[in-house]
Amino acid sequence: MTYIAKPRLHHPSLVKNKAGYTRRDYEGAVSTLCAGCGHDSISAAIIQASYELDVLPHQIAKLSGIGCSSKAPTYFLGASHGFNTVHGRMPSVMTGANLANKNLVYMGVSGDGDSASIGLGQFAHIMRRGINMTYIVMNNGVYGLTKGQFSATADKGSISKKGVANSDEPIDLVSLAILMGATFVGRSFSGDKHQLVPLIKAAMAHKGAAFLDVISPCVAFNNHPGSTKSYDYVREHNEALNRIDFIESREEITASYDPGTLTTVRQHDGSLLRLRKLGEDYDPSDKVAAMKRVQEGMQEGEVVTGLLYVDPSPKDLHHHLNTVDAALNTLGDAELCPGPEALDRINASLR
Amino acid sequence: MPQAIAAVNDFVVKFANVNGSGSASANELFARSILRMGVPVSPRNIFPSNIQGLPTWYEVRVTEKGHLGRRGGVDMMVAMNPQTWAEDVKEIEPGGYLFYDSTKPMPSSMFREDINVIGVPLTAITNATYSDARQRQLFKNIIYVGALSVLLGIDDNEIKRLFGEQFKGKEKLLDSNVKALNLGRDWVKQHIDLASVKLKVRRADNVGDRIFVEGNNAAALGAVYGGATVCAWYPITPSSSLAEAFQAHCKRLRHDTETGKAKYAIVQAEDELASIGIVIGAAWNGSRSFTSTSGPGISLMTEFIGLASFAEVPAVIVNVQRGGPSTGMPTRTQQSDLLSCAYASNGDTKHVLLFPEDPGECFDFTADALDLADRLQTPVFVMTDLDIGMNHRLSKPFHWDEQRVIDRGKVMTAAELEAGETFGRYLDVDGDGIPFRTYPGTHPTKGAYFTRGTTKDEYARYSEEGAVYVRNMERLQKKFVTAAKIAPQPVRYSSPKPTRYGVIYFGSTSPSMAESLEQLEAGGNHVNALRVRAFPFAQSVEDFIHEHDRVFVVEQNRDAQLRTMLLSEFVLDGRKLVPVLHYDGTPITARFITADIAKKLGQLKVVSFEKAAS
Chain A
1 MTYIAKPRLH HPSLVKNKAG YTRRDYEGAV STLCAGCGHD SISAAIIQAS YELDVLPHQI
61 AKLSGIGCSS KAPTYFLGAS HGFNTVHGRM PSVMTGANLA NKNLVYMGVS GDGDSASIGL
121 GQFAHIMRRG INMTYIVMNN GVYGLTKGQF SATADKGSIS KKGVANSDEP IDLVSLAILM
181 GATFVGRSFS GDKHQLVPLI KAAMAHKGAA FLDVISPCVA FNNHPGSTKS YDYVREHNEA
241 LNRIDFIESR EEITASYDPG TLTTVRQHDG SLLRLRKLGE DYDPSDKVAA MKRVQEGMQE
301 GEVVTGLLYV DPSPKDLHHH LNTVDAALNT LGDAELCPGP EALDRINASL R
Chain B
1 MPQAIAAVND FVVKFANVNG SGSASANELF ARSILRMGVP VSPRNIFPSN IQGLPTWYEV
61 RVTEKGHLGR RGGVDMMVAM NPQTWAEDVK EIEPGGYLFY DSTKPMPSSM FREDINVIGV
121 PLTAITNATY SDARQRQLFK NIIYVGALSV LLGIDDNEIK RLFGEQFKGK EKLLDSNVKA
181 LNLGRDWVKQ HIDLASVKLK VRRADNVGDR IFVEGNNAAA LGAVYGGATV CAWYPITPSS
241 SLAEAFQAHC KRLRHDTETG KAKYAIVQAE DELASIGIVI GAAWNGSRSF TSTSGPGISL
301 MTEFIGLASF AEVPAVIVNV QRGGPSTGMP TRTQQSDLLS CAYASNGDTK HVLLFPEDPG
361 ECFDFTADAL DLADRLQTPV FVMTDLDIGM NHRLSKPFHW DEQRVIDRGK VMTAAELEAG
421 ETFGRYLDVD GDGIPFRTYP GTHPTKGAYF TRGTTKDEYA RYSEEGAVYV RNMERLQKKF
481 VTAAKIAPQP VRYSSPKPTR YGVIYFGSTS PSMAESLEQL EAGGNHVNAL RVRAFPFAQS
541 VEDFIHEHDR VFVVEQNRDA QLRTMLLSEF VLDGRKLVPV LHYDGTPITA RFITADIAKK
601 LGQLKVVSFE KAAS
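Protein chains in written order, with the working numbering: chain A, 1 to 351; chain B, 1 to 614.
Treat the hints as calculated values from the structure; they're not laboratory data. Hints are not guaranteed to be accurate.
[Claimed, not checked] With a straight-line cut-off of 20 angstroms between C-alpha atoms, the simulated SDA-like cross-links for lysine to any residue are:
(1) K263/B / D316/A
(2) K261/B / P338/A
(3) K102/A / K160/B
(4) K198/B / K160/B
(5) K497/B / G466/B
(6) K251/B / K292/A
(7) K396/B / A334/A
(8) K263/B / D325/A
(9) K263/B / L321/A
(10) K261/B / L331/A
(11) K261/B / D325/A
(12) K410/B / L321/A
(13) K263/B / K292/A
(14) K251/B / T323/A
(15) K263/B / A342/A
(16) K251/B / L179/A
(17) K292/A / I159/A
(18) K261/B / K292/A
(19) K160/B / S349/A
(20) K102/A / R531/B
(21) K160/B / R351/A
(22) K410/B / R351/A
(23) K104/B / A128/B
(24) K251/B / P340/A
With these hints in hand, go ahead and build the complete structure from the sequences.
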């Protein structure tokens with residue numbers, strides 16, 4: 001635990017975004033994670049993405065489970081309400097929070113132990129229900145906070161710091177999320193902010209279940225030779241399918257690209273995702289092809305990254321439940337309580 | 001002929017059926033027709049954890065005096081299930097009646113010498129009229145209701161009126177049901193000497209304006225009135241019908257009249273862990289929310305309940321208790337989750353429990369629980385059970401005060417934050433142990449905080465300092481003391497004569513206890529009674545115990561759980577609290593309570609006499 005308070009003085013020249021906030025306004029407390037932890041880079045990417053998206057900081061709700069990754073929300077978006085829930089059960093709490101107020105931006109942060117081991121059930125079901133959210137797994141394949149046990153995303157054959165080879169098959173959260181019905185699925189690497197920040201922005205603008213698997217090396221327990229989640233391994237095996245430019249609906253499109261190298265996806269809110277193809281022909285709107293490509297990558301030992309699948313017109317749980325436009329937590333007595341006269345009629349029907 | 005039990009408006013009829021045969025609605029029709037004659041009835045389903053083919057019973061207590069607890073014993077058995085014939089025949093009181101389908105001749109060894117046998121060839125009558133198999137099955141049930149109505153003197157116009165209400169706009173169904181009813185009635189009129197049946201229903205005026213409703217339905221309506229907007233649940237007997245009733249009520253009462261959109265959200269979750277997680281997430285975000293479950297569901301929710309308690313998030317959990325432990329007796333009743341709910345979670349935790357006695361209080365307490373959970377910022381349990389939840393019970397009409405408004409407790413608004421109010425999420429500003437909270441998204445720069453299950457200081461900052469932890473735990477204890485003051489208070493019934501003996505009871509034991517108090521009084525055993533309606537206990541509960549030499553604690557569990565809680569919360573001599581325990585899965589009866597208390601009183605009196613003599 002660090003007791004050093006972060007200075008709150010802002011440099012006057014800090015640039016404000018369209019919402020009137022500087023990048024500092026999206027920061028949180030000083031991180032107490034290990035120096036060089038991938039999670040801190042992801043936190044920085046979340047801060048950058050939120051700032052660039054011009055979201056009002058207090059209009060974001062950040063939720064997490066338990067573990068190093070789940071501590072991370074303390075270190076970003078300090079002006080947002082946060083909820084550090086119980087191990088593996090953040091998805092249900094986020095579901096409830098989302099039902100109560102459909103108008104906030106929901107950011108779920110979890111780890112591979114939290115989502116793939118103890119919380120696999122809730123992970124699957126929140127994707128199925130189509131909660132409008134951004135769900136980020138900071139994936140390091142290891143239990144950091146309890147000092148180095150394998151998690152369920154550790155690759156088969158991966159060697160632990162103590163020299164033990166993992167014999168269990170890994171759970172691939174990307175494949176699972178696509179299979180379970182998530183409508184925006186991407187993978188990235190904590191060490192590649194140019195890929196990660198636009199992916200987070202696009203995920204936050206997506207009006208459905210958006211999932212990002214971010215490989216985030218654990219410098220303390222999983223960054224050694226033989227690990228498949230180390231900085232070196234991921235850099236060597238990173239197979240980026242695309243780079244996206246996230247363009248908000250109100251922005252003018254200026255950059256031009258050679259024809260044939262670009263795929264444009266218009267999301268339901270009007271935002272544009274411009275995908276620059278990297279080497280191969282890849283269509284992220286084809287669910288079956290996405291599954292195939294991710295599985296092929298796993299066979300080859302590649303870490304396939306980029307925007308892997310997107311449904312540009314997703315339907316979320318509020319749509320399915322046909323809830324009123326106002327947030328449920330704003331409804332008052334008149335809207336909720338049917339009153340004594342209705343009760344008299346009910347009494348009469350029960351005699 | 002053997003002796004025949006003679007009784008007017010005071011007897012028990014039990015129907016033995018096969019589940020899935022359509023008997024339930026016919027049996028309910030029977031019970032309702034008596035109710036319409038102004039005679040209170042108290043029916044109970046005794047059903048298996050099964051959908052089709054297993055034995056099921058429906059017991060109707062006809063009780064002009066309005067004793068709504070289970071009586072025990074059977075005066076007339078309607079034996080429609082060959083599988084359970086032997087045990088059904090055995091259960092009839094000497095001098096009682098056996099009503100059966102006499103289509104096939106039965107050897108006399110199948111009957112008893114000391115009961116009165118009424119044979120009606122139901123299958124023969126049915127088959128002579130109907131050819132379709134499903135019709136035969138369904139109308140056979142209506143035919144026996146017709147036969148019984150003549151035997152017991154039930155006004156057939158009341159049954160026809162009930163048909164009329166049930167089949168409004170479906171005249172064909174109405175006619176065919178009336179026809180089946182008359183088939184049974186006519187046969188009995190022609191073939192049976194009605195004077196031989198001495199159980200009779202006579203029109204009375206003892207029902208009044210009471211309603212006839214199941215506790216689960218009532219609790220669901222209470223959730224609507226109490227302003228719940230989010231319900232998350234996982235199917236489990238005997239609570240499933242509660243969430244389904246909430247859905248049904250919301251469909252009628254909670255859709256926007258113009259847009260047709262829903263002012264509620266119901267999620268059937270993947271398990272109870274998710275149910276309570278959704279409830280906590282919604283409540284954290286300012287929506288009233290609840291879940292309904294039963295004992296095994298509570299076991300699964302326990303970790304989350306600890307979080308809600310320690311992070312101080314409201315949650316309402318309706319626990320429709322069944323027989324435990326483990327899967328236990330899923331379709332039988334008990335009050336055996338008190339300890340698992342009151343002290344759910346690791347560490348030092350205590351939770352608020354409410355104990356409704358009937359559907360009326362299921363309605364009141366579920367609405368109250370939503371207020372209490374918001375005011376106290378903590379989980380609140382409504383501890384009902386299968387006996388109340390899944391049986392129709394006569395109950396005072398639902399009442400809602402026009403002036404009543406949703407009490408959301410201490411929620412700091414954007415305006416208050418803007419005006420510079422000090423906000424400490426876990427800061428006790430006025431001594432009741434309850435801090436202010438803010439909903440997410442309230443203010444751009446003020447009032448945000450981090451909710452967590454770890455220890456924190458008054459301003460929600462993580463801390464593992466001993467002094468900070470102790471301060472927080474003591475504040476939570478203070479909040480618990482506040483809870484005892486604002487939760488429903490105990491109800492006292494005083495004996496007409498001064499007495500050294502008292503009885504404490506709660507929940508579904510109530511109607512049987514009320515009847516038992518009359519019996520005890522009639523037998524010269526004077527006792528004062530206190531119905532506990534909430535945990536933490538009010539001070540008046542301790543006072544009541546101190547006022548008496550001995551206090552019987554009547555419960556429907558083996559381990560005397562309420563007694564354990566009384567001993568744990570108050571400084572008492574354990575010998576003072578005498579357990580009276582019934583836990584075989586059937587609802588407790590006045591007969592049982594009276595016999596047990598009378599026996600124990602006798603023992604106590606003998607002892608005190610010896611003491612006096614020595």
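Q: Please flag the earlier hints that this structure goes against, numbers listed from lowest up.
A: Violated hints (numbers, rising): 3, 4, 5, 6, 7, 12, 13, 16, 17, 18, 20, 22; every other hint is consistent with the structure.
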